[in-house]
Amino acid sequence: MQFRCLTEVRILFVRGKSIVTSRYFAFFSRNWEGSIKDTPLLIFLFYLVFDLQADKVTVIYIVFHIHIFFRDVLQVEVTSPPGLSGSTASIHGDDLYLFAGHGRQGNINDLYHFNLRKREWELLSSYKEEYSNPSPRDKAVSWIYNNKFYCFGGFGPPLQGFLSENGKFTSDDSSYPTRGWNNQLLEYDISKKKWVRHLAPGQHMQAAQVRNKVYIFGGRYQMERLNDLHFVEVDNLQWSGRLTTEGNIPEGRSWHSLSALDDGRLFMYGGFNTSCQPLSDAWTLDLLTLQWSQLKHVPGDRPRLWHTACVTPSQEVVIHGGCSNNILDYQVQTVSFDLMTGGELKLVLLQYFPVYRALESQIYRCSL
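Going by this note's numbering, the letters in the sequence shown line up with residues 37 to 404, in that order.
Derived from the structure by calculation, the hints contain no laboratory data. Each hint should be verified, as a subset may be incorrect.
Claimed, not checked - Taking lysine-lysine and the BS3-like style, the derived pairs with C-alpha atoms no more than 30 Å apart in a straight line are:
no.	residue 1	residue 2
1	K230	K204
2	K249	K332
3	K249	K229
4	K204	K184
Claimed, not checked - Here are the in silico distance ranges between beta carbons for each label pair:
no.	residue 1	residue 2	range
5	L326	D298	15 to 23 Å
6	D298	R140	24 to 32 Å
7	D208	K184	23 to 31 Å
For every residue, glycine included, the Cβ atom is placed at its ideal position computed from N, Cα and C.
Modelling step: build the complete structure from the supplied sequences, incorporating the hints.
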């Protein structure tokens, strides 16, 4: 393990390769069972490992203490949902909601609920309920607001059945059978346990929620990766249209991460550009002025895509998992990361680092 402390960026590296293909989600808890020496701030890097042949899912919690750089791993094997890729998920309290994805039978539109404390799955809606569920898809984005689960966009078969009149479908000319992009905005009422019908209108785009607005940047459309920015007001489901931003604009990308900071900025990292090159750049967007700024102090030699990121209360961005090379080049071995087998974790500091935080790790290690 190597630890580097710089003036403006702090990164923890745990080196190695992962042989596991995973779907990562990250969230925080201040009062989780089994916390380390009763210390309050824990980050949980939660992800699913899908075994397509055995149709088995393993749920893994990586419990990581930001202050002292100590981690623990909890692994739970479950039987539901089936092996999937490209699902979208959001966490609300102790509950995770997992929607859609692509498996052995193609795209699905199942919605699952997983209780993080009880470690139990519940199937909320299924593809068998054709006339009360949205169309199958993968690579969508989701968020939770006012006890409702929202989903936007995705890639899959043409829209059909329930809500098929909402939104637009554009076919991918290179796919067979026909698959393509949609711009549907979907709402699931968690209390009533049903999808809601709305008359409201990419693939691999990313979203960040700031109070009642959800910002969406980039994504792939046909053979181009976009760099446009939009937001939707969740209270009335009204779209902003394409926003005009200032400064140097990041190049188009998909498979990046987009995180909301407490000071009114968005933080974007990495991704995959139109030339199929993995990216390692980091940007912030001031939501008041819509000014993009590139962070020059973030290392430019560590590309990352298909990763996850979340923000600590100290405004540090934790980047976990993902791949570092062109995953579409099947002649090159994909290099992926996870903390169970070594992997790599980045911790990016976006403000001045208190001295006491630098000392906590050393004090803890000396006490072992």
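Cross-check of the supplied hints:
1. K230 - K204: 22 Å, holds
2. K249 - K332: Within the cut-off at roughly 28 Å; holds.
3. K249 - K229: 23 Å, holds
4. K204 - K184: Holds, at about 23 Å.
5. L326 - D298: 15 to 23 Å: 18 Å, holds
6. D298 - R140: 24 to 32 Å: Violated - the Cβ-Cβ distance for D298 and R140, about 42 Å, lies outside 24 to 32 Å.
7. D208 - K184: 23 to 31 Å: The hinted range 23 to 31 Å holds for D208 and K184, with Cβ atoms some 30 Å apart.
Of the numbered hints stated above, the single one contradicted by the structure is hint 6.
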